[in-house]
Structures are given as C-alpha cells and as structure tokens.
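Top to bottom, those sequences are chains P and F. First residue of the first sequence? That's 1 in this note's numbering, and the numbers climb one at a time after it. First residue of the second sequence? That's 159 in this note's numbering, and the numbers climb one at a time after it.
None of these hints come from the bench; they were simulated from the model. All figures in this text were calculated on a predicted structure; none of them were measured in a lab. Among the clues, some could well be false.
Per the computed footprint, the stretches of chain P lying under chain F, defined by three or more beta-carbons under 8 Å from a beta-carbon of chain F, are [unchecked claim]:
#, segment
1, 68-81
2, 107-114
3, 125-133
Result set (DSSO-like, lysine-lysine): computed pairs, CA atoms no more than 30 Å apart in a straight line [said to hold, decoys possible]:
#, chain 1, residue 1, chain 2, residue 2
4, P, K131, F, K389
5, F, K389, P, K52
6, F, K389, F, K401
Just some of the chain F residues that point at chain P, by a computed CB distance under 8 Å [what the hints assert, rightly or not]:
#, residue
7, G352
8, R371
9, A372
10, D406
11, A409
The beta-carbon is built from N, C-alpha and C at its ideal position, and this holds for glycine as well.
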Amino acid sequence: MKSIIQMAVGLAMVGTVAMAGEVAPDDVAYDEYGAVAVSLTGVAGDPANGIKIMTERSKGNCIACHQVTALAEFPFHGEVGPMLDGVGANRSEAELRGIVANAKITFPESVMPSFYKTHGYIRPGDAFTGKAGTEPLPPLLTAQEIEDVVAFLMTLQD
Amino acid sequence: MKMTVLKSAIAGLALVATGVMAEEGTVGFEINGDIPIVTRVPAAAHLDGALSEAISGWEYRDSSTQAMQMDDFDNPAMLAVEQAAEVWNTAMGTVGKSCADCHGDVNESMIGIRATYPKWNEKAGEVRTLAMQVNNCLTENMGAEAWKYDGADMAAMEALISIPSRGMPVNVAIDGPVASVWEQGKEMYYTRYGQLELSCASCHELNYDNLIRADHLSQGQINAFPVYRLKDTGLVTTHGRFKGCVRDTRAETFAAGSPEFVALELYVASRGNGLSVEAPAVRP
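Okay, chain F solo, but in the shape it has when bound (with noise of 0.2 Å):
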C-alpha cells in the first residue's frame, strides 16, 4: 500500500516535470514562456484505433532543436517570418492592394485560420489548402502571379499566417463535402509507394519511436508546417516534404501542390486534430 502511494506520488511528479495535463492532452512545452503547445493528445475516433495517441514531432527531436523552437529570438524561421510580415503591407499585382488592404492585421484576421485547413472552399467547390488560398488571393484578387507552390515566398506567407494560430488546436474537419478527399488521402496513407514499397504507415504508423539508421521516426505529423529544416537552413512545407518522403521510396513523387498531396494534407492533418498549431517549428 505504502509502495503504491510512493508510486503514484513519484509518477504525478514525474508527469509535472515532463508536462502539465490540459483539458485534453499533455502540454510539452511553452513557446515565450506564454503560449501552451499540446504535444499528447488522444488520437482522433476517425482514427478508428490505428493511433491511440498522436503526439508532435517535436517530441522526437533533441534538446538543443527543441530549446530553439520555444523562443522565438532562437527561432531561425522567424526572420522568414518577418519577411513575410513586409510582403503583408506591400502593395502586390495590377489592383494594387496589399494583403493588409482587406485583412488587415495578420494577427487578428488570421487567428484560427493554419489550425483548420485544409478546408472546404464552397465558391470553388474544392478542397483549399492554405497556399492555395493564399494564391488564389494573389490571382484572383490582386492581379498578381501566383507563387511557387513550395516556394520560399510561399512558405513565408504560410508561417507568418500561422503565427496567431500557435497553440490553437488543430481541427481540420473530414466529413461534409470534403469527405471524399479525405478517403483518398487515406488511401495514399496506406499504398506503399516505389521500389522500396514503403507507405506512409510503414514508417509513421507502424515504427514511430523507432530508429531507423541515426533518425528517430515520427508520427509524421503536420501540426508544425511550415518548418525551419536546419540541413537544409530553410523553411520547408508541408507538400515540400511529402514530395522528399515519397521521392526516398524510390518512387515518382506527386507535384507539390497536385490534388494527390492536397488531399493527402488534408488525412495526415486530420491524424493530427487536437495537437496544437506549432508553425513555424525547428526541425533538424
């Protein structure tokens, strides 16, 4: 009895030093000391079991990637972040009207909008994701040409979108008009790809925790896109790195931006519902 108490003493301290229980999931960390990012939660019942929690990438990473991702003075993606910030207020394309022109200041207007995307667009009748929004902006809007889909200006603008979202929970929704979509994604989640016959499960289902060569394997969540890859000093996004994972199963890779990975962002999103937005995260 008394060695029970003991250890549930010891493992309610343990649980404090590692993290703080929310409503819902386990925080890991804080970003400036202020924003609560939740790194546990339970998996999603559309899940249906596969994963019974999901958990960040930055959970995987060591602790001198972790420690830059909590302040943003050590944060590399920031200067892209105020970058950004400038292509905000400028004027762009033949209208001439700047983003802040009609949404005014991004950290008001955008607040909540990186945790639900992908999403529906009724007007469209499509599934957007976040840069296509952005360059449907830029084309249609403001007479402006549209940027590389996993260009740097466009992984920018993404971060800098996502910077009011931090710490919100990400909440992309399947059902509806985007079901459909979602079950291809699905689909591609599961389908081993290329010479190596690998899926995105095989890696980031089936072996998250485990080492493969010196590289600890991830959920392969996307909570935290765009990242700032430290090998590659760079942001990269979302369809930038699908494009690397399914090109290293020796595979012909899909088009960053192609309704393939549009709709496999939106399944590998909903993995991860309920983890916090960490846009613009460090990555090794």
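This is chain P alone, in the form it adopts within the complex (with noise of 0.2 Å):
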C-alpha cells in the first residue's frame, strides 16, 4: 500500500518538474550566443496567456522593469530594462526564448531574472516568504509559459 502511495506521489512530481515532451530547465540547448532555437514544448506559444505572464505580479511581471506599448492598459511599466515595442522584428524568435529563459547568457551583466533555471543560486529562498529554499527551486516560469511570452513578444513588430 505504502509503496503505491510512494509511486503516486512520485508520478505528481514528474508532473510537475517537467511535463512529457519537454525541455527542462537543466537541458535547454543555448547557443554561443544564448539563442534557442528549439521550442521548448513542441506546443506553439499562446500570445493572450502571453500577456497575462508579462502584466501579473505573481507570474513574469515584466511590464515591471519593461514599457511596453501594447500593454499600457495595464499600469505600471518600469524603466529599468529596455522598451520592447518592436522586439518581435529586432530580434528572432529563438534569442527572445534564450532571452526569456535565462537573460544572462545572452547578456552577462543583466539584472533580469533567470526565468528558466532551478539551481546555482546565492541563498536560495522559499519564494517571497524570506525563508530558505531547497534547490532545484520551481523555475519562475514553467516551459510552456515562456512559450507564450515569447509568442506575444513576436507579435511585437513596430
């Protein structure tokens, strides 16, 4: 009995560190450049759920550091980080996912958060509760939503 329970709450952890058919965090394929050329899905990106991980606190919180034009509907837009009107034309789709997952490989000495990585942090903590955190961590963003927030940023050509 106690096994089978064992097994059923291994098989939710597998659900939730990595879904069929992904690229997880540890796996993704960089380039030299930090570029990713390989969905990390295999499923296309969701440009509405896009928005919804760029403007909500609780997920990416982009629009945090980031002005966006097509977003001002949703207050308030930071300045710290680059405008991204026109992103989607200035760069290609697979170096806004190596952007999205793990900035600092493209750009070393960005603040932005690794959106995309489990592991070789400096006093990990337990999300915002000040308290430690076990690694892997939960990434910020699950694979599919950088998918999403990717396919939204495509659609950002002027």
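Assembling the complex is the task here: the two chains are given apart, and the hints tell you how they should meet.
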C-alpha cells in the first residue's frame, strides 16, 4: 500500500518537474550567443496567455521593468530594462526564447532574473517568505509560459 | 553671448528655487523651517566613482510625503519619539536606573551620535550599531532585558536618539579597526542574492531614478532611518528594511542584528557620508 502511495507521489513530482516532451531547465540548448532555437514544449505559444504572464505580478511581471506600448492598459510600466516595442522585429524567436529563459547567457551583466533556471543561487529562498528554499527550486516560469511570452513578444513588430 | 548669460541666470534662479548650495552639497529642504537638510552631496571618495552624488531618499518621494517630513507636527514618527522620550526618563531593570540617569537630556548628550554609527567599540572589540549600543546599555548597565532588534521599542528609541543629530552630516569611519567589516559589507552590497539574483547595486546603484513598476528607485540611503512607513503605519529600522529587501529577491534573508546586516549597515551608511541625518523620516 505504502509503495503505491509513494509511486503516486513520484508521478505527481514528475508532473510538476517536467511534462512529457518538455525540455527541462538543465537541458536547454543555448547557442554561443544565448539563443535557443528549439521550442521548450513543442506546443505553439499562446500570445494571449503571454500577456497575462507579462503583466501579472505573481507571474513574469515583465512590465515591472519594461515598457510595452501594446500593454498600456496594464499600469504601471518600469524603466529598468529596455522598451520592448518592436522587439519581435528586431530579434529572432530563438533569441527571445533564450533571453526570457536565461537572459544572463545573452547579457552576462543583465539584472534580469533567469526565468527557467532551478539551481546555482546564492541563499536561495522559498519564494518571498524570506526562509531558506531547497534547490532545485521551481523555475519562475514553466516551459509553456516561456513559449507563451515569446509568442506575445513576436507580435511586437513595430 | 546674451543667450549664455540668460541661460546661466535662469539656471542660477532655478537652483535657488529648488535648493540652496551648501558649503558641500545641496540643501533640499528644512525641517521646521530651521534645520537645513542636505539631500545631495558629492559622493565619498571611497565609492571610487560608483556614484557621482549621494542623494537622499527624500528626493524620490512625492510632494505630500515630503511635506510630512518637513514639519514635526505632520510627521507621524513623532508619536513614537514622544513615547521613547518617556521611556528615556523611566527606570528600567534591576539596577533601577533610567537612560536619563546616566545620559541626562537626550537632546544634549546625544548630539552627533546618530551621525557616526555604526562605529568601532574598543572595549567590546566589535563594530556596534546604535541598536546594539542601546541593547548593551539595557543588559549590561541597567539589568534589563534586551529589546527586539528591529522591534517598535528599539525603532522608537533610535528615532529619539536621532533627533538631536538632524541636519548633521553622516560621517561613519570606514578605516582602521572597522575596515574588514566594511569590506564584508561592500561584498554583500554587490552580491546577487536569491532566485531573482539581485544585489543591492542592481536596483540602488545601477537603476536609481528609474521606475520599477510604480516605485521610484532611490539610492537606498539610510541617513533617514528609522523611517515612518505609511504603508506599515509604523517605524521601520534599517535592518527591518534590509530584511525585506533581501526577502524580495526570493532569498533566504538575514536576521535583524546579524553580523551580516551590521556589516551591510556600515557599508551602506558610508555610501551616504555627507548627507544630513534625517531620521525619523517619512516614506510611502
């Protein structure tokens, strides 16, 4: 009986760590410039959900640092990172995927958090509790959420 | 030529309007109309050009918050200061002495104290913050229990002790016996903690003046601490603020009063050398 429960727990863990067909955080293939050519999920990104991730504080909260004219209805936009208008025209999908997943591979000095990384932190915490967390931490965004953000960014053509 | 003269006249007038140049630094405002507060000063040499100017957090607040700090009748921190003044005169602990029994009038004996802490304590052989000194008095000289390091009693007492130093330039020493602790604090300032991998410098050196969401990032100066935080409706100490900042990087934060935060306080205080003591200030 006990082993069945343990097995069920094990399955549940597999479910949260990596969905079938997903590229796990440690397995993402960044090229020498930090770009990631292959989708992390194989499922097309949903730009509408990308907007949610971009604007919600509990998700990516991208607009905390970036201004995006197309998201003007969601206040307030920060000034810490570059404005993202036209970013879908100026950068390739692979470049954007790499930057959203781990910007520091493309820009080593960037203050941008790495959204698809689970370990290698200094004093990792348990979310915003101030208490210690145990690595591997859940990544800040899931693989599909990153694909959704990238799909939205690709719509920013001017 | 005419244009240049006109321009410099305008610039001169603008300067007078927004702030008077003090001997060193710019007086941004006065408290109660008679305590000039320097809110901008050339950055200390030990910052090696990391900042050109040290700028008080007061400059980053909206005009209504600024105004509350300009008049003690409007400053909500003064309620806690009044309470601490009563405590100052109250006998505590087994020795049966009050602060006043040894230190007399706080507004005379504590002149300049807030401006030089944290500082080296020769007898103890350690860097001491003002809070550590208060707790040391309580436990060693008064036979009383120590206060919670970042609790309300301590914050109020720090605020009271700061009052007679308002307007005096922050002037913490960074060399001699404190040098290694200062270096530890500096290293912490530039360490990218937590899952968000943010250092103090990520926001307060590289991005002051910028908005993050709706917040106007300041230099994170601590010359105004403890501050009355409107959203907390109470005083917040330096270590209380540090604790919240590190927590917000999704890190395991440090404890108030920890050796790490003592080191960080010394370093951050030194980044504001030359700014006026403003405590207790008002923040949103």
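Structure-based check of each hint:
1. Against chain F, the segment 68-81 of chain P contributes 6 residues with a C-beta closer than 8 Å to a partner C-beta. That satisfies the three-residue criterion, and the hint holds.
2. With 3 residues having a beta carbon nearer than 8 Å to a beta carbon of chain F, the segment 107-114 of chain P meets the requirement of three or more and the stated coverage holds.
3. Check on the segment 125-133 of chain P: 9 of its residues sit with their Cβ under 8 Å from a Cβ of chain F, so the three-residue criterion for coverage holds.
4. Between the alpha carbons of K131 of chain P and K389 of chain F the distance comes to roughly 23 Å, so the proposed pair stays at or under 30 Å and holds.
5. With a C-alpha separation of about 27 Å, the suggested pairing of K389 of chain F with K52 of chain P holds against the 30 Å cut-off.
6. At roughly 16 Å between alpha-carbon atoms, K389 of chain F and K401 of chain F fall within 30 Å of each other, so this suggested pair holds.
7. Given hint, G352 of chain F at the interface with chain P, holds; its Cβ is 5 Å from that chain's nearest Cβ, closer than 8 Å.
8. Taken as an interface hint, R371 of chain F checks out: its beta carbon lies about 4 Å from the nearest beta carbon of chain P, inside 8 Å.
9. Interface restraint check: A372 of chain F against chain P, minimum CB-CB distance 4 Å, threshold 8 Å, status holds.
10. For D406 of chain F, the interface hint holds, the least distance from its beta-carbon to any beta-carbon of chain P being 6 Å, beneath 8 Å.
11. For the restraint placing A409 of chain F at the interface with chain P, the shortest Cβ-Cβ distance is roughly 4 Å, inside the 8 Å limit, so the hint holds.
When the structure is compared with the earlier hints, no violation turns up for any of them.
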